[in-house]
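Sequence lines, in order, name chains A and B. Just so we're aligned, residue 3 is where the first sequence starts under our numbering, counting upward by one. Just so we're aligned, residue 420 is where the second sequence starts under our numbering, counting upward by one.
To be clear, the hints were calculated from the coordinates, so they are not data collected in a lab. There's no promise every hint is true.
Here are the simulated BS3-like cross-link-like pairs (lysine-lysine), alpha carbons at most 25 angstroms apart as the crow flies [stated by the list, open to error]:
hint, chain 1, residue 1, chain 2, residue 2
1, B, K878, B, K750
2, A, K39, B, K878
3, B, K878, B, K1006
4, B, K507, B, K486
5, A, K207, A, K219
6, B, K878, A, K358
7, A, K189, A, K27
8, A, K27, B, K1066
9, A, K189, A, K219
Now the in silico label distances, taken between C-beta atoms and shown as ranges [to be verified]:
hint, chain 1, residue 1, chain 2, residue 2, range
10, A, D42, B, E1083, 40 to 50 angstroms
11, B, G1176, A, D42, 28 to 38 angstroms
12, A, A443, B, L1106, 31 to 41 angstroms
13, B, G1134, A, E48, 54 to 64 angstroms
14, B, A970, A, G426, 44 to 54 angstroms
15, A, R459, B, E1020, 25 to 35 angstroms
Ideal Cβ positions, reconstructed from N, Cα and C, are used throughout, including at glycine.
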Amino acid sequence: MPRLPPRTAAPCHNPRVLLTITLTKPPATDLGYLLHKSPDRVHSRELAFGQAHVFYPEATAERCTAALLLDIDPVGLARGRHQGSSLEPYVNDRPYVASSFMSVAIGQVFGSAMGGRSTGRPELVDELLPFEVCLPALPSRGGENLIRRLFEPLGYAVTTEAHPLAESFADWGNSPYYSVTLTANVKLSDLLSHLYVLIPVLDEKKHYWVTEDEIAKLLRHGEGWLPAHPDREFIANRYLARQGSLTREALRQLTADEEPDPDEVEAERDAEEAAVEKPMRLSDERVGAVMAALRASGAARVLDLGCGEGRLISEMVTDRTFTEIVGMDVSARSLEIAARRLHADRMNERQRARLKLIQGSLTYRDARLAGYDAAVLMEVIEHLEPGRLPALERVVFEFAKPATVVVTTPNAEFNVRFESLPEGRFRHRDHRFEWTRDEFAAWSDGVAAKFGYEVRRLPIGPLDPVVGSATQMAVFER
Amino acid sequence: MKIELPDMSLVVLIGTTGSGKSTFARQHFLPTEVLSSDFFRGLVADDENDQAATTPAFDALHYVAGKRLAAGRLTVIDATNVNLDARKPLVALARQYHVLPVAIVLDIPEKVCEERNSSRPDRQGLGHVLGRQRTALRRSLHGLGREGFRHVWTVTLEDLDSVEITRAPLWTNRKDLHGPFDIIGDVHGCGDELEALLAQLGYVAAERRDGFGLDAGPTYRHPDGRMVVFVGDLVDRGPRILDCVRIARNMLEAGSGLAVMGNHEQKLVRALGGRNVQITHGLADSLAEVEAIPEDVRPAVRTELKNWLDERRSHYVLDDGKLVVAHAGLKAEMHGRGSREVREFALYGDTTGETDEFGLPVRYNWAAEYRGAPTVVYGHTPVPEPEWLNRTINVDTGCVFGGKLTALRYPEKELVSVPALRTYYEPARPFLPPEDQAPKLSAQQVNDDVLDLADVAGKHFIDTRLGGRVAVSEEHAAAAIEVMSRFAVDPRWLVYLPPTMSPSETSNEPGLLEHPTEAFAYFRSNGVGRVVIEQKHMGSRAVVIVCRDKAAATRRFGVSDGSFGICFTRTGRRFFEDHELETAFLKRIQSALTAAGTWDELASDWVVMDAELMPWSAKAQELIRSQYAPVGVAAKVSLAAVVDALKTAAARGVATPALAAHMEARQEMAGLYVDAYQRYTWAVGSLADLKLAPFHLLASEGHVHSDRDHVWHMGTLARICKQDEGLLLATPYRVVDVTDPEAVAEGVAWWLELTGGGGEGMVVKPFDFAPSRKSGRPVQPAIKCRGAEYLRIIYGPEYTLPENLERLRSRHLAGKRGLAAREFALGIEGLDRFVRNEPLRRVHECAFAVLALESEPVDPRL
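Work out the full structure, taking the sequences as your base and the hints as a guide.
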């Protein structure tokens, strides 16, 4: 880990992030009283992550514009000057875009105004005034549409301008940043609260860890408008739910020069798949079918190989016929989530002896897997390169050798029935293949013959007369 | 009184309280060799005399004893041990670890014990206890042998002062012999073939004696002092059984041979001893030869034969423990040890108790699980061809069944064999498979089809030739398991992963973080006189393996999916998702290698190359789109607005003009940043858009080219690149004498030229690929010096602002350099092992460890 650099009071003046608020009704210079900042000079203030400056590019009776400039120190950000650890890359959009840093600055620099206090013009505080807000670089994970969805219900007229990612690579499309102008007749305190809450919601990244008092903040700043907002749940979820993953720094490190954090990517892809399959409640039916196969086999000691976040295990633990349950996954992060969901930390000794979560891989032979009654591979095999399947077959059917093996996998033929799935795409972007019924039959028959198992195949989910069921299941018995 | 103890034994002292066991133990053994029950009572209960703590104390004592015995250390149990119940677990413990249990009884009169006890305050009132112990001891004395003690020594009061204890190595321990050896498989009376093989191996027959005794016939010796080791089964089945025994016996006497016992010898000994054994499996042939000896000498020869065969050992540990010979093989934990189980294993192998369709015992394949360091050579089960598997080899090629008689030359590891003159004995099970069933993969490759998690998971250590012992922590291994399983290519291809590379020390030149001066100085101060400087390409690191054809890929890498090569990233991912593009890419390189004559030049049908594959965007496009490009857009858009606002404010006279002025410079930096990342970014539609710049020709058949200097690598690769300049890029390089200021200046000038045009910079390497260093830290295999513009991609658009640059100058290279050195050593070690045809797990653990080390958090900008 790089050691912290000495804390120097960096006298930099490199403001890069901008928010302008313009009052367009005479006497417009009242804006200075409302914001508690005189239009005639530059106001600077030290914040935890850099500096904030307020100045007025124009201040006439007709139009008065206050500019809030943020100077976020990029080197400090990357070197962990403010957080004690280096979580941010040097190549970082944070110093240039409106983000949660902007919200913090609004709260600290315009705190009184946001609280609805003005000593100079108390009578204006509750008046609806014509304001114009400009955000030259507002990130929106959700596109232009989301900006409109969030601001228009609050009475703003919204104009946006998109920016291409790279002029020389037209096929890359647009960047996530928009130059946004908002106009409305609104109380200044409300305007500031809207920005305070909605900027981080659009950006979907927070520079600090989300803690309990965030809920209080959201309630305070959303007072009077959030409960009536048609997207209030979405806003609350995004405002509160995005938590950084502390745990998987090692994994991120490994893939840093190829793609973004694989855990984040994986979580996104899982969500995509769930969205594709959701209308059918397929995931519930899958668990049901697997449980039925396990109960029919009479298995008491079972392996859930590729248990992920513990969806199936949470079902198994409720059934006392399973005396020993082992969940294995290759992802340490998934296991952490599974442990949390199953409240593994609160189990007593007897419960701990019944349920184990272990990290392991299906491409390595593993002595810990020997001697169980049944193994489940629910939606697992399709995450493996086809070339690595023979290794999995030997690990499961030759070395672990449980009496029963239950395998489920998507039926590729059924994909045409998913409305939201583009043609030719897999349900999950980490899928390395998706098989037709014939392909799955050929594979499962081959495995059964090679390793001395009997196999039967069953449909899961709605059965379509032409393309079959959404998911296919094979039950191997030795 | 002289007591001789085997050096690998569990010594159980037996004697009543007060008999002086502890004193005896102190006199004759190291303090650490003695485990005393009193001491363990103290450990678990803070009181050496707390009898209530006896059970946990013995648990702990047995546990510690087990650890010592597992490590092969002589261990002495100092407890009364007068009861069978106390001795039984100790005998079992000795058996478990295959060491000999030895009893030393201190037979001291009750009266003497009583006197000694009365002088110790903590041993008062033990009169009745002593009486009971004395009775128990008396009862035990005669049965100790039956209980399993291999030696029982009884020491009386009179002997006590004269006891002298010596330690002797086990008979199986012949680590003092260093050969070289010729290890010969099952002979089974094939005298003609044995003589032919000995002649072929260079042994010379002399001192021919007549008669029927075992000393008859010639004595073979090797002019270079080589030694034969017979793996056993000299007897039964074949036509000249006694001749074969005589040859072995005479060589043994002359010191030119050794023989371990085979199961056929053991059975013959029993038959000759008059025991009732079934006359099957060729035993009749041996007995017939004995019967054919003239009656007058027959009984003497018979006895001589029986005794000689009976004296053969279960196995030998030779050559400082590096070589083990046993008839049917031997598990690592049994090497050099003695127990009935060891003998059974060595003679009969690991049998499961089942029989196959030919009525022969089903053998458990112990060699598949062998993880020991010593080479194990064995016989017993005939095979068509000897094959290495996990450092073991079976050299029984079924001569008597019409196969051949084979010897393994050690340490050369060459096989020499002579074909059988005819089939002397029909095997119960056909051991020569029909030609068309000949396996395409070697036994090792078949075995390596699936690797074992236990070989890579958890904390472990890897010994490397270049970097000594490298440790991998449990958490790093866990991260590597995930990446390996989810993303990495087939481990059979993954014979190498490249090391990370450290930058030069931070430069103090104004406006620069890196400059070649520091890199040259680094090598100079580490004793390296000449360096090679190579242009650094900005792409993605790629390992490229290409075979001459698919057959070579199968033979050497054990893949059977029709592939003939691969290209993967520094974390072991397949470079190309598009299979056709990969095949076309590899085909072009294959053609270039063929056109350049590289296959013949290297006498190899495969090569492993370290390279840079361009463009950067070919692999990193997602990252560029999600991180690099957005920062460029955001900076440009945002700064334009800021400049605007400041200009308007400055016109009003409220903003400082200096602020507005600085903005122009910053806007320019944002532009330079965009130029910098886009320089390495272009769309890849087909092969024509790719460039590969190989810089290390790492390995080919029989060679890891870490012994060649970089000029050889550059030159050889340049000749290959010349064959296909559309795809392959020869890397420009120079040699610099770092002790010559002029040469250094020229090197710097070249760097300025490369980076002036926005180039990434250069890599400085010691002239020799792996310079040796006796002491201190290992020399870095390479140091990078990156150009100022390129570094904008690393440190952000505005890193060149003086206040930013000043802070960035404090960089900590030690961690990165330590990693680079360890990963380099691991990479070369993996290739060394691959080239030596070691088991895949041994190769894989090196690549795995590189991946694990890469998960260590170091500043990724270095």
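Hint check, failures only: 2, 3, 10, 11, 14, 15
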